[in-house]
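**Q** The lines below spell out each chain.
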Amino acid sequence: MESKLEKKEFNITVYTENQVGLLSRIAIIFSRRKLNIESLNTSPSEVESIHRFNIVINETEEVVRKVARQLEKQVEVLKVYYNTNEDVIWQELALYKVPTEIIAEHVSVERLLREYGARAVVIRKDYTVFETTGHREETDALVVVLQQYGLIEFVRSARVAIIKASDGFHTKLKQFENREPGEPAAENEYLNNGDKVFTM
Amino acid sequence: MQQKDALLMSSEEETATTVEQLKGSEILLNGLIAEGVDTIFGYPGGAIMPIYDALYDYQDRLKHILVRHEQGATHAAQGYARTSGKVGVVFATSGPGATNLITGLADAQIDSTPMVCITGQVFAHLLGTDAFQETDVINITTPVTKWNYQVTDASEIAEVLAKAFHIAKTGRPGPVLIDITKNAQIQLTAYHGYKKCNHIRSYRPTPIVRNSYIEQAAALINEAKKPFILFGQGVLLGNAEQEFKAFVEKTGIPAAWTILGAGAIPTDHPLNVGMLGMHGNYGPNVLTNECDVLIAIGMRFDDRVTGRLDKYAKQAKVIHLDIDPAEIDKNVKAHVPVWGDCKETLPLLTALVKENKHEEWLAKFNNYSKEEFAQCIDAEINPQSGELTMGEVINQLNQLTNGDAIIVTDVGQHQMVACRYAKFNHTRSNITSGGLGTMGFALPAAIGAKFGAPEKTVVAVIGDGGFQMTLQELGTIMQSGIDVKIMILNNQFLGMVRQWQELFHDRRYSFVDITSPDFVALAKSYYIDGKKISERAELKDALKTMLDHKGSYLLEVMVTKENNVFPMVPQGCSVSEIRLK
Ligand SMILES: Cc1cc2nc3c(=O)[nH]c(=O)nc-3n(C[C@H](O)[C@H](O)[C@H](O)COP(=O)(O)OP(=O)(O)OC[C@H]3O[C@@H](n4cnc5c(N)ncnc54)[C@H](O)[C@@H]3O)c2cc1C
Ligand SMILES: Cc1ncc(C[n+]2csc(CCOP(=O)(O)OP(=O)(O)O)c2C)c(N)n1
Ligand SMILES: [Mg+2]
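If you're matching them up, the sequences are chains A and B in order. Heads up: the first sequence at position 89 corresponds to 99 in the numbering used here, and the numbers run straight through without jumps. Heads up: the second sequence at position 91 corresponds to 539 in the numbering used here, and the numbers run straight through without jumps.
These aren't lab readings, by the way, just hints derived from the structure by calculation. Note that this is a predicted model, so its numbers are computed, not measured. Worth double-checking, as some hints may not be accurate.
Said to hold, decoys possible - Covered stretches of chain A (in silico footprint by chain B; criterion: 3 or more residues with CB under 8 Å from a CB of chain B, positions within the stretch not fixed): (1) 30-37; (2) 69-81; (3) 158-172.
Idealized CB from N, CA, C, for every residue including glycine.
Chain A on its own, in the form it takes in the complex (with noise of 0.2 Å):
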């Protein structure tokens, strides 16, 4: 059984309001504690008008459950949950340009696609894009193949995760409804303009 004092990599899901503003105000909770932020996407969530934060870090679990509480503290958040790699589903994309002359000469494109699961994207005279999603690892490794054949441009999204015990947020909000209900929610429409504006 690993420790609490170990470090090792968290998924750190963050639900928010969409506001300018909000990615300083969560960035800062780790870089006053000198975490390093290894990945941080943000999007849409299930939810309409609600955001979605994907936060990697490398760190022990009780630094990290008490940055979670600092993270949930803030008034824009809704909810944060952090979850190790094996309790989440997790994918990165890359994208690689390399120029096609170099590869039409020296591997074939088939080849690359079947071991790497790479896909073309683009396939120009000049540069071809090939695009693969995966773990880290997987991507790392055709960099690595690639680099031998002139490897032109090479970058990696951040991470998202999907956290495989998760019944989605909707859920996770009715409950707190109805274990904390609050004053019903129609006073200031202008800051809480969701379609559905709900009590939590």
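Fit chain B with the ligands to the known structure of chain A by using the hints.
**A** Below, chain B with the ligands alone, put in the same frame as chain A:
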């Protein structure tokens, strides 16, 4: 026309006939009045001029105190909030006006003081262009505010202000900043009246209390042989003094305070066993490591309170009552986390605990107290010869005020001495900068404290160093005519730093020797009366003169130069390793 009806009308009709058109600045001031604000501490400038222009017509309803530096406005607002329990309000202009707020915001953030700061900002179309006096206030203040928001359109102002007040004062209180671009202040917009905010969907200030934890806590308390209560500012912030007293008295458990919790029950209450922490009392520190159940109520186990954490109350089961889940398990692991507003959780707990007395255990505290008195307190408050000590000044002050005054302290040795020896019969009467330890806090905070509690005597206890950090606020005192008593305890040193240099840096006094102007003459130049004394024989009369004086007064007391504050838990040591000398 009724507000409700106005809202139901179509927008064309609205603009055509009925709905009032107001400027953003007027909407702001109406909102402040609706929130019950009576006093604003501020300083004008270019980007906030439209608001000041509107204020000109609101002087009968809103009192504005012109400070001498925006930092002073924040501390005054803090003092006001701490004594009145209301939200402190600050106005400042953009750029340098706004950056001058940072220290006060940081102080209010760490000490959970409810405050709403309004800053002016350059026109919205100039944002990001390095316009004159433009500074990115939102990003600069993000780490030191509970919430902040930039308004660029007048139609946002009412809702944002309502939200700001709601956030500042609910849950764990804190400072909020609203930055309003100049165009939004000037802009005319439809005004539908001001509606207070009582709900934000992503913000749950008052957690639901889980009864299982209350039951577990009560069971632990009922079984305990040596239970010990630590109480902090949360009791004051929750207005739970009565509930707290009922709990303490029913359980008969000895209770000790953090400096921000002082006064939640009177100093002389038989179950009040004294102050916790680095310069706290002997018994509470030593017995922290002997109790079997530790009940922390509205306190956050600050490192000045706990000393070395791995040797802190390891033998005890810990019950932590706190409203902020991020505080639970942050520094000290709680066996029973009673998450909630202590105003709500304390009565639930009181209902389940047995009436009890812990006489033997309480006697232990009293024995330590006797030892502490003999070994360090007596010499500090009753010296028979030599120069005056800070402790005897505070002790004498107690006798004259009967513990009914509000004591505002700055930061340093005099702060610790005042917290240790001043008597607090009432809640909200120890106003000090705890978490940030901001020198320069006391003078402006005392001004605000008096506005917040006009019927009280307010005494600011300040060091010779700290006074020189915000002494320009003497001008605010002069102009507003407010009555605060200023007591400078002059040891001719940055005493607290000198003490550490003496004890931990081989007496290498590196830049702690500070000279002072003629403080009394300085006060007089602001038309404030004053006196300087250095003799024991003069002390009582001088204090009486100060307290009886009509209006503000400055008393400078020359005290012994190289006194140290004891007891002391040296840095890196356990609370039970507290030194008496
Ligand atoms: C030079 C210097 C020396 C110092 N030495 C000492 C010392 O010896 N002893 C000492 O005690 N302090 C000392 N301090 C102060 C110390 O740094 C902390 O500021 C102080 O201990 C904090 O007290 P607190 O935890 O009660 O208050 P806060 O920091 O205000 O914390 C309040 C807690 O109560 C919670 N709360 C708020 N509202 C509620 C509610 N309604 N219900 C339940 N919980 C609530 C909050 O979430 C928070 O956890 C010193 C400061 C300085 C500058
Ligand atoms: C703004 C600020 N700067 C520096 C410090 C560090 N500091 C803490 S106590 C102290 C000495 C205070 O001296 P004085 O005001 O004379 O009070 P004394 O300790 O002598 O009573 C200093 C410099 C501080 N707390 N705040
Ligand atoms: Mg001094």
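**Q** Please go over all the hints and tell whether each is borne out by the structure.
**A** Cross-check of the supplied hints:
1. 30-37: holds (count 4)
2. 69-81: Per the Cβ count (4), the hint holds.
3. 158-172: Our answer is that it is violated, as 0 residues pass the Cβ test (under 8 Å) against chain B, missing three.
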